[in-house]
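Using the sequences and the hints, build the whole thing.
Residue numbers (the working numbering), protein chains in the order written: chain V, 198 to 310; chain X, 12 to 122.
The hints are simulated quantities; they were obtained by calculation from the structure and are not laboratory data.
Computed from a predicted structure; not experimentally measured.
Check before you lean on any hint, since a few could be wrong.
What the hints assert, rightly or not - Pairs of lysine to aspartate or glutamate residues, derived as EDC-like cross-links and limited to a Cα-Cα distance of at most 16 Å, are as follows:
1) K53(X) <-> D303(V)
2) K114(X) <-> D235(V)
3) K254(V) <-> D108(X)
4) K109(X) <-> D256(V)
5) K53(X) <-> D235(V)
What the hints assert, rightly or not - Computed list of chain X residues with no C-beta within reach of chain V, every gap over 12 Å:
6) Q83
7) D90
8) P93
Virtual Cβ for every residue (Gly too), placed ideally from N, Cα, C.
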Amino acid sequence: DGGITQSPKYLFRKEGQNVTLSCEQNLNHDAMYWYRQDPGQGLRLIYYSQIVNDFQKGDIAEGYSVSREKKESFPLTVTSAQKNPTAFYLCASSNRFGNQPQHFGDGTRLSIL
Amino acid sequence: QQQVKQSPQSLIVQKGGISIINCAYENTAFDYFPWYQQFPGKGPALLIAIRPDVSEKKEGRFTISFNKSAKQFSLHIMDSQPGDSATYFCAASEGDDKIIFGKGTRLHILP
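Quick look at the structure:
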């Protein structure tokens, strides 16, 4: 089955710690995305990548970093600079960037201890 | 101009009724209007999408109505069922630009 796998499903972070969220896709999609979802806020774009070894900041990139070394992988690091990291994080991919259907993973819920 | 305004925030409908969710936009260059459905603890999934060259698209019980002059589009769920209870997001995008999502509507269908 083709799809997007996010891990872990739940993650806890101590104050001052960096944590990395995993996202893997086997859809052979060029574009990948990270969104943050908070209650009543919809989906806010953190970072996106149109192609391997390239990525751009989205609307709320501060305190986050990404890499795209392989087509199928787009990990997100939540750094200690992100002051309010508690949220539901969603990874998505699409055949190409732009007005294309996006396929989402089932998310990682990050909480602060 | 890049916003997509979605209403209502929450909606309660009796089983068998029609659920209607509305979205409005300002950017007349938007050319792709998808709707996503999200169940608790899951990621959103594409439900149905429309391009501005048609005024309506129907897939089963789900219909998108598109009013280009009013810059509005809506999702209609006919014969709503308890299994339709979920959060629905409208979205819009222009060409090679990012997709802009509405803030979502939490729909609850009473059994």
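We went through each hint and held it up to the structure:
1. K53(X) <-> D303(V): The given pair, whose Cα atoms are some 4 Å apart, holds under the 16 Å limit.
2. K114(X) <-> D235(V): With a Cα-Cα distance of about 10 Å, the restraint between K114(X) and D235(V) holds, given a limit of 16 Å.
3. K254(V) <-> D108(X): holds, 13 Å
4. K109(X) <-> D256(V): The given pair, whose Cα atoms are some 11 Å apart, holds under the 16 Å limit.
5. K53(X) <-> D235(V): holds, 14 Å
6. Q83: holds, 18 Å
7. D90: holds, 25 Å
8. P93: Per Cβ check, P93(X) is outside 12 Å of chain V; nearest 22 Å; holds.
The structure fails none of the hints (numbered hints given earlier).
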